[in-house]
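Protein chains: 2
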Amino acid sequence: MLFDGILEGLLISEEDDGGDIALATDFYELTMAAAYYYSSCNQKDIKKNAIFEMFIRKLPANRSYLVATGLEQAVHFLMKIKFNDKHISYLKSLEAFKNVGQDFFEYIKRFKFTGTVWAVPEGTVLFPNEPIIRIEAPIIEAQIVETYILSTINFQSLIATKASRIVTAAKGKPIIEFGSRRAHGPQAGLLAARASYIGGCVGTSNALAGYKLGIPLFGTMAHSFIMSFEKEEEALKQFTKVFPSGFLLVDTYDSIAAVKKIIRLGIHTNGIRLDSGDLDYISTESRRLLDNAGYTGTKIMATGDLNEYIIRDLVDISAPIDSFGVGTELSTSRDDPAMNGVYKLVAVRIHHTLEAGKKKRIDDKISYKIKTSLGKKTYPGPKQIRRIIENDKIKKDVIVLEGEKEIPDGLGVPLLRKLFDKGNLLCRMPSIKEIQRYHLQQMDLLPSRFKKLDSTPGRFPVIHSEKLKAITQKFKPR
Amino acid sequence: MLFDGILEGLLISEEDDGGDIALATDFYELTMAAAYYYSSCNQKDIKKNAIFEMFIRKLPANRSYLVATGLEQAVHFLMKIKFNDKHISYLKSLEAFKNVGQDFFEYIKRFKFTGTVWAVPEGTVLFPNEPIIRIEAPIIEAQIVETYILSTINFQSLIATKASRIVTAAKGKPIIEFGSRRAHGPQAGLLAARASYIGGCVGTSNALAGYKLGIPLFGTMAHSFIMSFEKEEEALKQFTKVFPSGFLLVDTYDSIAAVKKIIRLGIHTNGIRLDSGDLDYISTESRRLLDNAGYTGTKIMATGDLNEYIIRDLVDISAPIDSFGVGTELSTSRDDPAMNGVYKLVAVRIHHTLEAGKKKRIDDKISYKIKTSLGKKTYPGPKQIRRIIENDKIKKDVIVLEGEKEIPDGLGVPLLRKLFDKGNLLCRMPSIKEIQRYHLQQMDLLPSRFKKLDSTPGRFPVIHSEKLKAITQKFKPR
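Residue numbers (the working numbering), protein chains in the order written: chain A, 1361 to 1838; chain B, 1361 to 1838.
Careful: at least some of the hints might be erroneous.
Remember, identical chains collapse to one label, so a pair may be satisfied in a single copy or spanning two.
[Said to hold, decoys possible] As a list, the in silico DSS-like pairs of lysine-lysine whose alpha-carbon atoms are at most 25 Å apart: (1) K1442 - K1452; (2) K1591 - K1737; (3) K1793 - K1834; (4) K1756 - K1793; (5) K1811 - K1778; (6) K1659 - K1782; (7) K1458 - K1601.
In short, the hints are calculated from the structure, not lab data.
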C-alpha cells in the first residue's frame, strides 16, 4: 500500500480522477499559467524549469520551533491534479480568459505534474526560513501547485506544532484531540486530528480520523445524554450498561454530587470527565471520594477550553488528572491560528536546445532568484538543510546550496529527501504511527530552551553557508 | 435545482451516497447512539423525541453581532447522512463497541434523518444566546448530527462575521477574499470564500468557489511571475499581452520604480497591486504618477496582512486605494479564530402509546431541559426569536417559547423558519447572491452602535419572554 490511510474523498469526486482538487487553488495560479504558456518559457528551443521552496517566514506567537506536517496530502495532490472538461469549460467561460487561445486549454487538459520534489519527512522539527519542501518542475507546473501545497502544509504544521506544545506541557500525561466542532469545517476537523496525532496526542474524537487513518478514538458522553433522562443516576447507569469501559461526564448539574452518585450506585466506571469549574479542586475532591470508596482504578479526564498553559499549571500543582481532552484551542491553534508559510521562486534553470530534432542540450544555466520587498527578502537558490547533532541534541542547522561542496558529507544530516523524480513518487509514505514516532524522536533532539511555552529564544540555531551568503549579497534590487 | 452550487465532493466519495460524511463526527455521538438505543427511548411503548438548539454562547473578541452562515451545508448533511457497510464493520471492530449487539448495527444501517428543523436564514444578523437552528427528531438522530452541524455553522458564521466587519470598515470600497493558502486546509479555503461572499465581499481568489458556487473570481499575479523573468519590464509586458484587463503586482523589487516602468512602457493596465510597505505613501505616490501620465483609469488594489483596523485607517486618511484583498486575517478570523457555538438539549417530547397495534397516543408530554454547570447555564424549551423593528432598525429581539401566546403574531418578525418536516426539505435553498443581498439588508437594520470595530456594547438588544424566564427559574440543580 502506497499510503497508509490516504484522505481520499476529500475534494475528490465520484470520478476518482482527482475530482475538483485542481481548482482548489488561487485563480491567479491559472492566469499566470496562461501567461507563462505564452511567454518565452514555451518557446521550442528553451525549456524553463522553476525551483520553488516553501518555508515559514515567522513562527506563530510564542513558538520556538515548528513541526513540518501535511506532506502526505501534498503528495496526494501532486499525483492527482488533473483538469477535466468541465473545469476547462468553466475557465473558458470567464471574461478573464477571453484572450487565451485553444492551445493553452489543450495544454491544461493534458496537464500533469512531472517535477522533482525534495521535502523533509513529516514530523520534522524545523525553524523559520528552513525549506520544508522544494519543487523543481516546468514553471507552469511548479507554479500551479502553490496554493494547495501551502494550504495543506501550513494548516497541518500549525496544528502539529500546537499539539506538540500541549504534549510537552502535559509532561507525559496523555492528550486527546477533541476539537472537531470548532475546527474550520469538517475537513479541517479530520486534518486537525491527523496533525495532532503526529504532534504527540494519543488519539482523537474524530470518528473519520479513526476510520480513514487508524488513529485511536476516544469519547465520553455529552451533557445532552445526561439531560435526556429524568434523573442523572439513570443516565449514568444506562450508559455504563452498554459501555462498561466508558467515561462518565459528571458536571451537567454538580460534579461532586455526580461523583457521589456514581459511588452510591456502585458503578465501577473506567473514568470520569470533568468539563467545568475549578479543575484542581474538583479533581482533588473527586480523587479523594473515589479512593476512599475503593475506586482507585477510576481515571479522571479533564476538558473544557484547555490549552498548554492551563495544562502546565494543573500538572505543576499535581492536580490528580490522568488525561486531558483539548478541543477548540488545539483544532484552531486559537492563540495564533495561522502558519505563515510562503512558496517562493528561488531559481530558474534554463535548458537551451540547439538543432531542433537532434535535441542537443548546449546550456543548462541556473539563474538564482530573490525577492527584495521590504521585510520579505528571500534567500536564492535550491537549498538543503544540514543538521548537526552534538550530545544527542541539535547543535545547529546549516542551510547550504544543494550540492554545495564546502560542507563535507559527514558534516550534518541532510534533512530534505528526494520524494519525486520526474513526476514519479520514489518511496512509500510512512504510516501515521511511524510519523508520530519520528516526531517524538525529533523532540528528544530539541534542546530544552526551545520547548519553553511562553517565550521565544533570542535566536534560532540556524546559519547559512558562506557560499549562500555570498550569493545573496550579490543581489541588488532592480 | 434544489441547491445553487452545492458543495458536493467535499467528504463525499465516489458512491455519491453521502460518502463518509456520517463519520465526520465526534466518536461519542456514536457511542451515545448505542446507549440511547438500549435505553428506554427504544422501548416500544415510548417514543422519545429530543429538541436541540444551536446558539453562540459568547461572541469572538470585539464582535457585537454574528452572521449566521453554513446552513446549506448543514441541510446537505441532514439529507445525505448514511452509514454504509464499511463504516459499520469499522465500528464493530472497535473495542468500545464489543458489548453492542447486532440489532443496533442494523438500526444504524437503516439510519436516516427524519426530523423537523427550524433555522434562521443564512446571512441573518444575530446576538449571543439566540437559536440559529433547532432540531427535533428521535433522540439518536438529533444527537448524532451535532458535530457536523456545529462544525459547518461555527466556521462559516465565524468567517461571515469577520467579512462583514471588514466590509463595514471599507465604507463601500470592495473587499476580495484572498486567504485560501492560510485557510485551515483546502475545504476551509472554499468554505471561507463562501462565507466571505455572504458577509459582503465582492469575490474571492478561490477558483473552486467560482466553479462550484458561482462566486466572482479575482486574481492578479505572484511575485514569482515577475521573478521568473530576467527583467521586471518583460514580465509586466508578457502578462498584459495575455491579460490586458489584469492587475500588475508592483512590489517585487520596488513599488514606485515598477509604477514608473509601467508608465514608461505604455502599459495601460487595468490596475496595480501593492503588497508591502507603507500603503498610504505608496498608493498616494502611485496615484500621482499614474494620474500625471494620464492613467486615470488604472485602479490601485492593496493587499498584505490587511484586516478591518488597517483598512479603516487607510480609508479614514483617504489613501487612494480602490479595493482591498484580504487573506490570512479573513480566512482564519485571525484575531479570534473560534465561534463557540454549542448544541444543547432544550426539551424532550415523549409520546406514550397504549394498546400496541392500535397506536393510540395517550400522552404527548414535553419535558424542558436545562444545564446548570457553572457559567454554562442554558434556557429550556424550543424557542423562537421575534425581532422588533422600529424606524427601520432592530429595536429588540424577544426570545419566546415556540408557540407562545402572550406575544401577538403582529409583534415582531419570527426569525426561525421551518426547513424540514419529518425529514423532508420544505423549500428551495436560496442562491448565494440572494443570501448576500439578504445579509446586506440585515446590516441596514443593525443600529450603528453594533457596528463599532473595537468595542462591544454593554448589552445586546435581546430579552426573554416572561414565560421563558418563569420556566427557567423553576429549575434547580439536581
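Hint by hint, here is what the structure shows:
1. K1442 - K1452: within (16 Å within a copy, 37 Å between copies)
2. K1591 - K1737: So K1591 and K1737 pass the 25 Å test across copies only (18 Å; inside, 64 Å).
3. K1793 - K1834: This pair counts as neither: shortest intra-copy Cα distance 45 Å, inter-copy 52 Å.
4. K1756 - K1793: neither (27 Å within a copy, 54 Å between copies)
5. K1811 - K1778: For K1811 and K1778, the Cα distance exceeds 25 Å both inside one copy (29 Å) and across copies (52 Å).
6. K1659 - K1782: The answer is neither: 53 Å in one copy and 42 Å across copies each exceed 25 Å.
7. K1458 - K1601: between (67 Å within a copy, 12 Å between copies)
The structure fails to meet hints 3, 4, 5, 6 from the earlier list, while all remaining hints are met.
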